[in-house]
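Student: Every letter in the sequence shown is one number past the one before it in this note's numbering, and letter 5, counting from 1, is 546.
None of these hints come from the bench; they were simulated from the model. It should be emphasised that the depicted structure is a prediction, and the values quoted were computed from it without experimental measurement. Fair warning: there could be bad hints in the mix.
As the list claims (entries may be wrong) - With a straight-line cut-off of 35 angstroms between C-alpha atoms, the simulated DSBU-like cross-links for lysine-lysine are: (1) K658 x K688; (2) K718 x K658; (3) K656 x K718.
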Amino acid sequence: MLEECLSETARLMALAADCRATVERTRAILDHSWSFLQDVEQPLDGGPIFSANLAEALPFWREPSSGRSSIIAPAAIAPLAPSPNSARPFIANRLLRSLPPECCDLILSKAKRVKLKKGQVLEQPRVPVAFAYFVESGIVSLQAVGKGGGLLAFGLVGSDGMTGLPIVLRSMTTPLKVQTLISGEAWRISAADLQSCLDRSSALLDLLLSYVQAMLVQSAYVGLCGARHTARQRIRSWLLLAAAALGQDQIATTHQFVARLLGLRRATVSDCLAELQRSKAIAQRRGCVVILDAEQIAEEACECHRIVAAEFRHLWSGRLSRSPAVPASSGDRASFLSNEEATRSAAHS
542 MLEECLSETA RLMALAADCR ATVERTRAIL DHSWSFLQDV EQPLDGGPIF
592 SANLAEALPF WREPSSGRSS IIAPAAIAPL APSPNSARPF IANRLLRSLP
642 PECCDLILSK AKRVKLKKGQ VLEQPRVPVA FAYFVESGIV SLQAVGKGGG
692 LLAFGLVGSD GMTGLPIVLR SMTTPLKVQT LISGEAWRIS AADLQSCLDR
742 SSALLDLLLS YVQAMLVQSA YVGLCGARHT ARQRIRSWLL LAAAALGQDQ
792 IATTHQFVAR LLGLRRATVS DCLAELQRSK AIAQRRGCVV ILDAEQIAEE
842 ACECHRIVAA EFRHLWSGRL SRSPAVPASS GDRASFLSNE EATRSAAHS
């Protein structure tokens with residue numbers, strides 16, 4: 542009888558522990574949603590706040606009352622109200638929103654909003670690039686492909702970027718593969734139409750060439766990270782870059798896919814994520830990783846993601862004041878970092 546009581550007690554204690562873990566994960570998600578809704582309902586009067594990019598991902602906000610960290614919409618979020626006389630659709634892509642109104646209208650007149658499905662190949666190696674995609678949501682991965690079918694991801698594109706860089710550079714082909722990592726939406730424009738827009742707008746050409754520069758820096762430091770840093774550091778940096786590109790703390794991916802993208806063993810990725818979960822830095826669900834404490838992840842990550850963030854800050858610096866009043870959806874990604882915090886983050890890097 543005593544053994545049965547002890548066994549039942551142990552079972553109930555294990556069940557209680559599972560319930561506590563579930564409550565913690567639920568509270569983290571509710572904190573994220575509630576903070577976002579509060580900020581949307583109470584926009585600041587300081588003018589429009591534009592979507593986040595890789596530069597604005599760190600450090601993440603820490604809740605002072607409980608000490609828990611999570612990636613949430615900051616108090617500075619202010620959704621852009623559509624102009625009464627504007628026929629433009631809602632736009633989340635930061636490149637498009639940074640263009641002069643007439644240039645943005647020119648792109649949209651030739652573009653079509655499309656769905657991006659997970660695993661969809663947007664560019665094939667050595668095949669002329671037919672379309673460019675200005676990403677609205679989701680993540681697109683730039684990948685180097687080997688002869689044996691192996692691949693290595695060296696770039697992430699979120700709603701602050703685009704694909705089709707060979708079109709901008711007039712090369713039209715690339716040995717790289719571009720594939721949707723997390724499903725979403727994008728504005729798709731044909732190569733011929735984008736080249737026509739580039740010929741007509743020096744502002745568009747200047748912006749996209751600056752973006753190419755930022756992506757070159759990102760690919761260079763992802764390569765350095767793979768060659769010089771440990772698997773633990775690389776996985777942590779990848780989580781931060783992916784969360785920044787998505788603009789949220791939930792990353793829909795699997796251990797196997799992360800391992801393939803980073804050129805690591807699946808067991809290595811699983812061990813690293815399990816360690817982060819034990820330290821309550823992340824929570825894992827089937828096919829999803831939820832970041833709970835981004836500061837803890839950043840402390841043990843390498844400096845590569847900070848350097849990439851600084852380059853994207855340089856890309857956007859000086860462009861906010863020139864950005865057109867393009868309507869943004871209520872789900873527009875919020876800036877994770879104030880300018881003052883961004884400066885401190887760059888100084889620490």
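Student: Honestly, which of those hints from before does the structure not fit?
Tutor: Per hint list: zero violations.
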